[in-house]
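Asker: Produce the complete structure using the sequences and hints provided.
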Amino acid sequence: MTIPGILPFVIGEQSDSIQLNLRRYFGTRAFAQADPSTPFFMEVIFMDHMDHEDRFGELAKFRIPDMSGFRPPPGSARMILTVVVALVVAALLWGSFYQIEPEEVGLVLRFGRHVRTTEPGLRLKIPLVEGVVKVPVQRQLKQELGFRTVQAGIRSQFSEPGQYKDESIMLTGDLNVAVVEWIVQYRVSDPYRFLFKVRGLEDTFRSLNEAVMRGVVGDRTVTEVLTVGRQEIETTAQQRLQELCDQYETGITVAQVVLQDVNPPDAVKPSWDEVNQAQQQRDRLINEARAEYNKVIPRSSGEAQQTILSAEGYALDRVNRSQGDASRFKALEEAYRLAPEVTRQRIYLETMQRVLPRVGGKVFLDQNAKGLLPLLPLNALGGAIAATPAAKTSGGSN
Amino acid sequence: MKNPKLLIISVAITVGIAVLLSSVYVVNETQQVVITQFGEPVGQPITTPGLHFKVPFTQDANYFDKRFLEWDGSPNQIPTKDKRFIWVDSYARWRISDPLLFFQRLRDERGAQSRLDDILDGETRNAIARNDLVEVVRTSNRDPATIPVESEETNAALEKIQLGRQALTRQILATTAPRVKEFGIELMDFQFKRINYVDQVQNDVFQRMIAERKRVAERYRSEGAGEAARISGERERDLQRIQSEAYRTAQETRGKADAQATRIYAEANNRDAAFYAFTKSMETYESAVDAKTILILTTNGDLLKYLERPR
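Going down the list, the protein sequences come from chains A and Y. Just so you know, our numbering puts 98 at position 98 of the first sequence, and the rest follows in order with no gaps. Just so you know, our numbering puts 90 at position 90 of the second sequence, and the rest follows in order with no gaps.
Derived by calculation from the structure, the hints in this document are not laboratory data. Note that CB positions come from ideal geometry on N, CA and C, so glycine has one too. Do not rely on the hints blindly, as some may be mistaken.
What the hints assert, rightly or not - Below are the DSBU-like pairs computed for lysine-lysine, each with C-alpha atoms no more than 30 Å apart in a straight line:
no.	chain 1	residue 1	chain 2	residue 2
1	A	Lys-165	A	Lys-269
2	Y	Lys-214	A	Lys-165
3	Y	Lys-81	A	Lys-165
4	Y	Lys-181	Y	Lys-160
5	A	Lys-165	Y	Lys-83
Said to hold, decoys possible - To be clear about the criterion: a stretch of chain Y counts as covered by chain A if any three or more of its residues have a C-beta under 8 Å from a C-beta of chain A, and this derived list gives those stretches:
no.	segment
6	102-110
7	114-124
8	132-146
9	180-192
10	238-246
11	288-298
Answerer: This is how it looks when you write it as structure tokens:
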């Protein structure tokens, strides 16, 4: 059974998915006769490399009722023809419009040849002759190397560690081993190249990533890779990756390379931890010594100040007193010089007047009395002989 | 069919459509075509995409890919010149630059892949076996960033390279590209994708890494102890210094003050030494006597002489 006007649509080529979906579109019987070896010139719709949307879902919505069980009543041939023509016209109209989403551009292919690139919006094309491939040029795409996100979310789930070890394990410049996981974010900057220049682009890009990252890591020591070199590795890898992407005409712009977990191999990990521990230990020892230093030194500085200040106090005291004494003596001496004899006499007598009442025992001896001293009852007079120790102590306590 | 006219027309239409279909073919952006007539290539390959025509039925369109195609080598265990066994996984990109030649020599991509396997695998083996491992791993003689302690320990392990990874892959590319050219293949690029130690070697490397780490750890520890000892010594020194400096300053200050006081006293007392002795004695008497003092005075002195005689 051949439906006039539809035949040009239904010639299948290599793609099984095209056949399958056209079968859905035209009904099984209608398609059964199409010879798969015949070349085709119908609407070719490519699958998006990175994002396998079912582009044929839209076609499937427009479904021509299955006519296999349809028996035309006699004399209604004209009516059948009208219905068929109407359907064909509707199909042609349907095939003339297409929509480009905001993040995409559309590449229009006329008999497989790229003729123009269209921006987002509702666009027109020649039905049957032209086809459209949509490429999400604005979307940030991502590849993960050395791990996979199993389920993205607030707490994303990642693949089991070690599952993609082949991708992540690599040799460093000092011939050690590091396990490096990273992601690369990229955009399609040239949709034409992206679609038509490289086969298996996703795998190619993945291989490029692996080769570049190994090249960069291979030029660094394992310590550098694991500690201070991350930022530099990212930028260098991004540059080289971009160079290769341009060389391969992938049409990809690499937005950034971001290192994720970078680890020593599992077997070596404990010894890396030991180094960390040793580092902590070193810092702790140093800090403790500093603490001890800080405990002692500022305090002793203060004490030193105290010693110095007190010496200064002593000095002030000493000088002031000496000056005071000197001034007093000078004043006295000046007055004394006016009448030395009398003044000396006066001072002597006045002193005696003050001193004598305080003296505990007084013995007045006539200047002619001799040898009287041994007879005196010195103890009875309440005093102590200066020579005895008892006298010293009691004198001191006074 | 009752009407013979209608039959003829339908047959004519069917035949016409069949002829039309057989005489046109579509070339995609990604494709190139060699036209053959009874198996013999006719004319130049078609590389421009779009709708093309051929003689129906007798001519066939043979499609080839125009894009960069992948070649992914299977991982190979290869010893390097310094006798280390490594896995080498490489890949290359190529394209069919001369579809006619390609069609004649290799027929299809499967043939091409197996030729590429032969040539590239062999050349990889040669290149790896001719060079030390570092040549395959490192790209340049770049100096690694200096990390205190760590660098001193590890820099010794960094050997200089003569060629490096990139130069090696370029060498392989340069020797293989002319050999595949005669198949109508252009080799675009060749890279080592993965290089890893084989398992036994890897264990040895891990052991070495562990030993190296232990060395670094010991170094950190001893560095910590040394630094702590130094700080503690510094503490003792500073303590002694501060205390002795303070003592010195204090003594100097006291000495100066004493000297000054002495000068002041001397200067004042020198005006009349005798009078000074007198006044000082008087002061001393006043402070020296107390209730327990026994004073024995004779009437010979100035004070008591009047006790004996009023004149």
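Asker: Provide an ascending list of the numbers of those earlier hints which the structure does not satisfy.
Answerer: The structure breaks hints 4, 6 and 7; every other hint is satisfied.
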